[in-house]
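Asks: Okay, here's what each chain looks like letter by letter:
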Amino acid sequence: MAIMKADKLGVSVAKAPSMMTGAIPKKDWWDVPADFKPGNYAYPAKQEIVEYHKFPNPRLWDPESDDWKLPENWKEIILQGLKERLDKFRSLKIFMDCCVRCGACADKCHFFLGTGDPKNMPVLRAELLRSVYRNDFTLAGKLLGKMAGGREMTFGVLKEWFMYFYQCTECRRCSVFCPYGIDTAEITMMGRELLHLVGVNINWILEPAANSNRTGNHMGLQPHTFKDNIEYLCDDIEEITGIRCNPTFNRKGAEVLFITPSADVFAEPGIYTAMGYLLLFEHIGLDYTWSTYASEGGNFGLFTNNEMMKKLNGKMYAEAKRLGVKWILGGECGHMWRVLHQYMDTMNGPADFLQVPTSPITGTVFENAASTKMVHISEFTADLIKHGKLKLDPKRNDHRIATYHDSCNPARAMGLLEEPRYVLKNVCNNFHEMPENTIRESTFCCGSGTGLNTDEIMELRMRAGLPRANAVKYVREKHAVNMLSCVCAIDRATLTSLNNYWNPDVEVCGVSELVGNALVMEGEKERETGLRFEPLAGMEG
Amino acid sequence: MRILTPFIAVLALIAVGLVAAQVPGGQALIGIVLPYLAFALFLGGFAYRVMQWAKSPVPFRIPTTCGQANSLPWIKQNKIDCPSTKLGVIARMFLEVFLFRSLFRNTKAEMHEGPKLVYGSSKFLWLFALLFHYSFLVIVLRHMRLFMDPVPGFVAALEFGDGFLQIGAPVFYQTDAIFLGAIAFLFLRRVMLSNIRYISLPADYFPLFLIFGIALTGILMRYVFRADVVAIKQLTLGLATLSPAIVGQISPVFFIHVFLVCALMVYFPFSKLMHMAGVFMSPTRNMINNSRMVRHINPWNDPNIKPHSYAAYEDEFREFMKDGGIPVEKE
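Read top to bottom, the protein sequences are chains L and F.
Heads up: the first sequence at position 140 corresponds to 140 in the numbering used here, and the numbers run straight through without jumps.
Heads up: the second sequence at position 291 corresponds to 832 in the numbering used here, and the numbers run straight through without jumps.
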């Protein structure tokens with residue numbers, strides 16, 4: 001399906017009847033069926049991929065058809081699954097019971113702002129599940145049914161779940177504003193788990209998960225390709241700086257294991273971020289290794305189910321143990337860090353074979369990572385800069401007027417706000433913040449996280465990313481910002497598409513790319529270009 | 542229908558109360574039997590719901606972090622919005638429960654041509670929610686005067702403060718007016734704002750109407766129909782001391798009032814009103830953000846879920862690895 005041109009979509013977003021433009025649907029929300037059309041849903045998982053995961057009900061099916069080839073007892077499976085999850089997660093129970101529908105969350109969701117679809121208000125997205133919960137698991141619902149807001153589990157409800165739990169990027173912005181901290185991410189995760197039980201899932205999540213499991217990374221790069229790619233990056237670095245980096249792979253006895261999302265090794269503009277890492281580690285002489293087996297930071301299990309998340313995450317500790325490293329350093333990634341921060345130690349700890357991370361350069365002990373033994377690259381770099389261990393020439397970034405996009409997970413599920421800013425301000429002379437309602441804990445999602453950065457739903461992505469794009473546009477117009485920096489690989493991929501669409505002259509980079517640009521390496525040649533082979537300001541010729 | 546049905550339901554409750562107050566034995570039923578029953582259901586139901594919640598574990602530490610986390614010593618942490626200690630969590634919960642901090646953050650988004658999104662501060666919901674809850678609390682506490690003899694000092698002080706404007710006789714309580722105003726605001730907001738109207742269910746209007754009915758009958762009884770306070774206090778004090786009796790003539794409005802209060806108490810544990818207890822138990826707000834510092838235990842964590850092993854990985858890719866100069870375990 002062709003995507004609307006940006007100006008046309010812009011008019012449509014601001015003027016076409018939707019709840020954001022003041023139009024009210026004529027029917028109650030429970031009477032508006034989910035309608036699947038080309039372009040408004042992500043493709044179902046391929047049969048062989050579902051089989052690979054040993055997930056239930058592998059088959060060929062079409063969301064646009066009215067026969068989803070569900071198992072005969074699919075309703076019981078869903079209700080039983082819901083019961084199990086209510087018993088396993090207090091968060092789910094509380095979030096099912098406590099909502100007063102005050103509407104504080106309603107206009108906080110980027111999907112709602114961009115589509116005006118009422119079911120993208122977090123309260124209604126949750127209500128899709130809550131109505132079934134009420135009907136089958138509460139006394140009031142059993143007695144009063146519809147009057148108490150209960151709904152029977154029907155195929156129509158299932159369709160809504162598939163549509164709207166895959167129009168949520170689990171960014172948690174709504175949970176910041178909810179008076180009870182109701183976190184739609186939790187509800188979406190449960191909803192997706194339930195859908196998996198009857199074989200309703202999407203390929204763009206399950207195939208990367210399968211790749212991560214088998215090859216170590218979601219791109220499906222085999223070990224030698226992974227290594228080759230990094231060596232290509234080293235060639236480029238040598239051409240630009242005259243310095244040869246010599247990274248090692250699967251090396252036993254290294255002090256530090258470095259894990260970053262594989263997109264950094266493979267895809268633009270992530271590769272420039274990876275070049276930044278390589279330069280940084282070379283600069284400080286870090287004793288570190290990459291792993292081809294644990295070559296993915298991102299965890300597509302987070303978008304699938306708990307078991308998958310644990311399974312994929314387990315590789316990091318397994319590899320750290322096998323290689324005998326002291327601690328793990330993690331690259332720039334959003335949901336990777338959400339999993340590392342909130343789930344890793346619980347699921348796969350205790351990491352008693354590792355040591356409390358200590359920077360070999362500054363001696364700083366990272367007490368905040370005393371148990372997981374994993375440090376974020378921004379924390380690590382900020383500490384190096386603070387101790388004056390890096391030789392930096394921020395002028396080399398003078399052709400960049402940067403702003404910073406707080407990636408949802410590091411911001412709202414970790415509290416990593418100042419470290420990347422500190423790094424940025426030290427490596428680049430021009431930095432401007434976006435408006436305050438769009439940064440830090442109020443940051444807006446790129447619109448394509450949680451496995452939704454697939455091309456078949458491009459218009460939806462551009463709509464969902466509109467709030468972020470709008471804030472970028474603001475600083476572009478006000479301060480001529482031309483670089484949107486972030487600490488997330490999904491962001492680097494999807495914000496690039498988003499900016500190409502809404503703000504064509506703004507590029508996207510990882511914070512470490514700007515670090516790499518600014519690093520003055522010992523014995524380097526005079527630099528004429530940045531890591532993208534782009535001319536530096538004042539060096540054009 | 543979403544508004545009308547709950548409205549009719551409350552009118553029906555009022556009618557039941559009115560009729561029951563005037564049939565033989567009805568007053569004893571509403572004034573004595575029902576309050577005990579409703580109070581028991583309220584307490585029992587409340588405790589049951591909280592225990593049901595508590596029965597489910599909190600497998601993961603998932604606080605929503607609304608500020609800078611504890612990290613390097615020279616980076617200023619937001620100790621309340623991103624707490625790394627128990628004390629921080631207590632402060633966060635205190636502000637949440639007593640001052641509705643999250644609602645205070647509320648903004649309103651508007652879409653303009655361009656397209657351009659604009660966010661404005663929006664504190665009305667916060668303000669009126671706060672007024673509603675605090676006047677409700679004051680009113681409940683004021684009622685303690687009816688259940689205690691002698692009247693405790695703080696209740697008398699509260700009453701005095703509440704009526705310090707000294708308007709009318711009996712003295713008019715400001716909280717009564719604020720309370721009615723806040724309920725009206727919360728109701729009108731639900732009706733006037735199209736998206737809030739769209740998300741509202743009968744279960745959202747019913748408690749509003751019910752509480753409005755309670756407030757209104759209370760006010761009518763005090764200022765208009767003038768119920769016999771002495772007789773009422775005899776009854777309520779009797780209830781509190783487990784020796785209830787109805788003496789003298791009490792206005793039917795009183796029985797409607799009591800009947801509606803009983804209905805609210807019974808309704809409470811089965812409804813969204815349980816947010817009163819739930820707010821304390823919300824894992825995104827009441828957890829310490831120290832997930833990387835201290836290991837959190839998940840009682841149902843399954844140790845049998847293992848990653849795809851390195852050995853299997855190497856078996857599949859060994860030749861490629863050897864060719865690519867990547868170390869292998871088995872040659």
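Calculated from the structure, these hints are not laboratory results.
Do not take every clue at face value.
[To be verified] Below, in silico cross-link-like pairs of lysine-lysine (DSSO-like), each with a Cα-Cα straight-line distance of 30 Å or less:
#1 F:Lys649 / L:Lys5
#2 L:Lys425 / F:Lys863
#3 L:Lys321 / F:Lys863
#4 F:Lys649 / L:Lys15
#5 L:Lys37 / F:Lys657
#6 F:Lys617 / L:Lys391
#7 L:Lys146 / L:Lys159
#8 F:Lys649 / L:Lys326
#9 L:Lys37 / L:Lys5
[What the hints assert, rightly or not] Computed beta-carbon distance windows for the label pairs:
#10 F:Ala786 / L:Pro33: 31 to 39 Å
#11 L:Lys389 / F:Ser735: 34 to 42 Å
#12 F:Ala632 / L:Pro56: 43 to 51 Å
#13 F:Leu636 / L:Lys83: 34 to 42 Å
#14 F:Asn842 / L:Glu76: 46 to 54 Å
#15 F:Gly702 / L:Glu76: 54 to 62 Å
#16 F:Ser735 / L:Pro33: 17 to 25 Å
#17 F:Asn842 / L:Leu143: 54 to 62 Å
#18 L:Gly538 / F:Asp856: 50 to 58 Å
#19 L:Ile3 / F:Gly655: 34 to 42 Å
#20 F:Asp856 / L:Glu76: 36 to 44 Å
#21 F:Leu636 / L:Thr358: 50 to 58 Å
#22 L:Pro17 / F:Ala569: 35 to 43 Å
Positions of the beta carbon are idealized from the N, C-alpha and C atoms, including for glycine.
Asks: All hints, please: hold or fail.
Replies: Hints, verified against the model:
At roughly 28 Å between alpha-carbon atoms, F:Lys649 and L:Lys5 fall within 30 Å of each other, so this suggested pair holds. With a CA separation close to 43 Å, the supplied pair L:Lys425 and F:Lys863 exceeds the 30 Å bound. Our distance criterion of 30 Å between C-alpha atoms is met by L:Lys321 and F:Lys863, whose separation comes to about 22 Å. Of the supplied pair hints, the one linking F:Lys649 and L:Lys15 holds, its CA atoms being roughly 18 Å apart against a limit of 30 Å.
For the hint linking L:Lys37 to F:Lys657, the alpha-carbon distance of about 28 Å falls within 30 Å, and the restraint holds. About 25 Å separates the Cα atoms of F:Lys617 and L:Lys391, which keeps this hinted pair within 30 Å; it holds. The hinted pair formed by L:Lys146 and L:Lys159 meets the criterion: a straight-line CA distance of about 19 Å does not exceed 30 Å. Between F:Lys649 and L:Lys326 the CA atoms are separated by roughly 48 Å; this puts the pair beyond 30 Å, and the hint is violated.
At most 30 Å may separate the alpha-carbon atoms for a hinted pair to count; L:Lys37 and L:Lys5 meet this at roughly 19 Å. Checking the proposed 31 to 39 Å range against F:Ala786 and L:Pro33 shows it is violated: the Cβ atoms sit about 59 Å from each other. Hint check: L:Lys389 to F:Ser735, Cβ distance near 57 Å, so the stated range 34 to 42 Å is violated. Between F:Ala632 and L:Pro56, the C-beta spacing of about 46 Å keeps the proposed range 43 to 51 Å intact.
At about 35 Å, the CB distance of F:Leu636 to L:Lys83 agrees with the hint of 34 to 42 Å. A beta carbon spacing of about 27 Å between F:Asn842 and L:Glu76 contradicts the range 46 to 54 Å that was offered as a hint. Evaluation of the 54 to 62 Å hint for F:Gly702 and L:Glu76 yields a pass: the beta carbon distance comes to about 58 Å. Roughly 21 Å separates the CB atoms of F:Ser735 and L:Pro33, a value that falls within the hinted 17 to 25 Å.
Look at F:Asn842 against L:Leu143: about 37 Å separates their beta carbons, and that is not inside 54 to 62 Å. Hint check: L:Gly538 to F:Asp856, Cβ distance near 54 Å, so the stated range 50 to 58 Å holds. Taking the beta carbon of each, L:Ile3 and F:Gly655 are about 19 Å apart, not inside 34 to 42 Å as hinted. Judged by the Cβ atoms, the range 36 to 44 Å given for F:Asp856 and L:Glu76 holds: they are separated by roughly 40 Å.
At about 36 Å, the beta-carbon gap between F:Leu636 and L:Thr358 misses the expected band of 50 to 58 Å. At roughly 58 Å, the beta carbons of L:Pro17 and F:Ala569 sit outside the given window of 35 to 43 Å.
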